[in-house]
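Trainee: One letter stands for each residue in the lines below.
2 protein chains.
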Amino acid sequence: MTKNIFSDIPKLLSEEQFDTLLRSKSIKIERIISKGHASPKIGWYKQQQNEWVVVLKGSAIITIKDAEQITLEEGDYYHLPAYIEHKVSWTKPNIETIWLAVHY
Amino acid sequence: MTKNIFSDIPKLLSEEQFDTLLRSKSIKIERIISKGHASPKIGWYKQQQNEWVVVLKGSAIITIKDAEQITLEEGDYYHLPAYIEHKVSWTKPNIETIWLAVHY
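Chains X and W, in that order, give the protein sequences.
The first sequence begins at 1 in our numbering and counts up by one.
The second sequence begins at 1 in our numbering and counts up by one.
Be a bit skeptical, because a hint or two may be false.
All copies of an identical chain are treated as equivalent in the list; a pair is satisfied when it fits inside any one copy or across any two copies.
[As the list claims (entries may be wrong)] With a Cα cut of at most 20 Å, we get these calculated DMTMM-like pairs of lysine to aspartate or glutamate: (1) K3 x E73; (2) K41 x E15; (3) K28 x E68; (4) K65 x D19; (5) K57 x E96; (6) K65 x E30; (7) K3 x E51; (8) K25 x E74; (9) K3 x E15; (10) K57 x D8; (11) K57 x E73; (12) K3 x E68; (13) K11 x E73; (14) K25 x E51; (15) K92 x E16; (16) K57 x E15; (17) K57 x E74; (18) K3 x D66; (19) K87 x E68; (20) K65 x D8; (21) K46 x E96; (22) K65 x E96.
Don't read these hints as lab results, they were simulated from the structure.
The shape of chain X in the complex, shown without the other chains (with noise of 0.2 Å):
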């Protein structure tokens, strides 16, 4: 059976929603919902693997720490390597942004 990505979005969204779309030894995919989060609300991602990310829907900034902001629109893709700090600064605040990111 399919299962589509743009499906099952919550209404109420008080906090980003994460769902794990398929997970294997060496990679994870996962659905990220965002309206209007910036994350994490303290500090910055800092993880032990590559990530690979498009915005399917909507729009969002990345800040790498002491270095750019990344604004990420409609189709838009992003490499973030092992261990760069980074958040998720902006995502549009009136509609979903949905992401699909490759944890490898």
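Got chain X; can you put chain W on it based on the hints?
Mentor: Below, chain W alone, put in the same frame as chain X:
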């Protein structure tokens, strides 16, 4: 610099087009553009790696050998385990079907 998965779509697509967006030791992320193509032209795909696919635009039918046909519309995703014999038996003829595929 960000790149966009919906950009740089060739006007003429005499063959299906495969663009590698990311390649590492463990995974390959690929954009596939089809426009009425079925593939492979003869026989079946039988890959050593697992493949996770999502249709981002357009629509397609995947046929699993001696088994089912799976219709994929925009946003639908599907998992093809390694060595499963399959083919893309149909894609929408009048517009581009854009796939994102993660091989792992």
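Trainee: Taking the hints in turn, state whether each one holds.
Mentor: Here is what the structure says about each hint:
1. K3 x E73: between (24 Å within a copy, 10 Å between copies)
2. K41 x E15: within (10 Å within a copy, 47 Å between copies)
3. K28 x E68: Classified as neither; 26 Å inside a copy, 26 Å across copies.
4. K65 x D19: Neither. Shortest intra-copy (26 Å) and inter-copy (30 Å) distances fail the 20 Å Cα cut-off.
5. K57 x E96: both (7 Å within a copy, 19 Å between copies)
6. K65 x E30: Neither way: K65 and E30 sit 23 Å apart in one copy and 29 Å across, limit 20 Å.
7. K3 x E51: between (23 Å within a copy, 15 Å between copies)
8. K25 x E74: neither (30 Å within a copy, 28 Å between copies)
9. K3 x E15: Classified as neither: same-chain Cα gap 23 Å, cross-chain 28 Å, threshold 20 Å.
10. K57 x D8: both (14 Å within a copy, 19 Å between copies)
11. K57 x E73: This pair counts as both: shortest intra-copy Cα distance 8 Å, inter-copy 16 Å.
12. K3 x E68: This pair counts as between: shortest inter-copy Cα distance 16 Å, intra-copy 35 Å.
13. K11 x E73: For K11 and E73, neither the intra-copy (22 Å) nor the inter-copy (23 Å) Cα distance is at most 20 Å.
14. K25 x E51: Classified as both; 15 Å inside a copy, 14 Å across copies.
15. K92 x E16: within (12 Å within a copy, 34 Å between copies)
16. K57 x E15: within (18 Å within a copy, 28 Å between copies)
17. K57 x E74: Both. Shortest intra-copy (5 Å) and inter-copy (12 Å) distances satisfy the 20 Å Cα cut-off.
18. K3 x D66: Neither: 39 Å inside a chain and 22 Å across chains, both beyond 20 Å.
19. K87 x E68: Answer is within: at 11 Å inside a copy they meet the 20 Å cutoff, but 42 Å across does not.
20. K65 x D8: Answer is neither; intra-copy 33 Å and inter-copy 31 Å both fail.
21. K46 x E96: neither (24 Å within a copy, 37 Å between copies)
22. K65 x E96: neither (25 Å within a copy, 38 Å between copies)
Of the numbered hints given earlier, the model fails hints 3, 4, 6, 8, 9, 13, 18, 20, 21, 22; all others are met.
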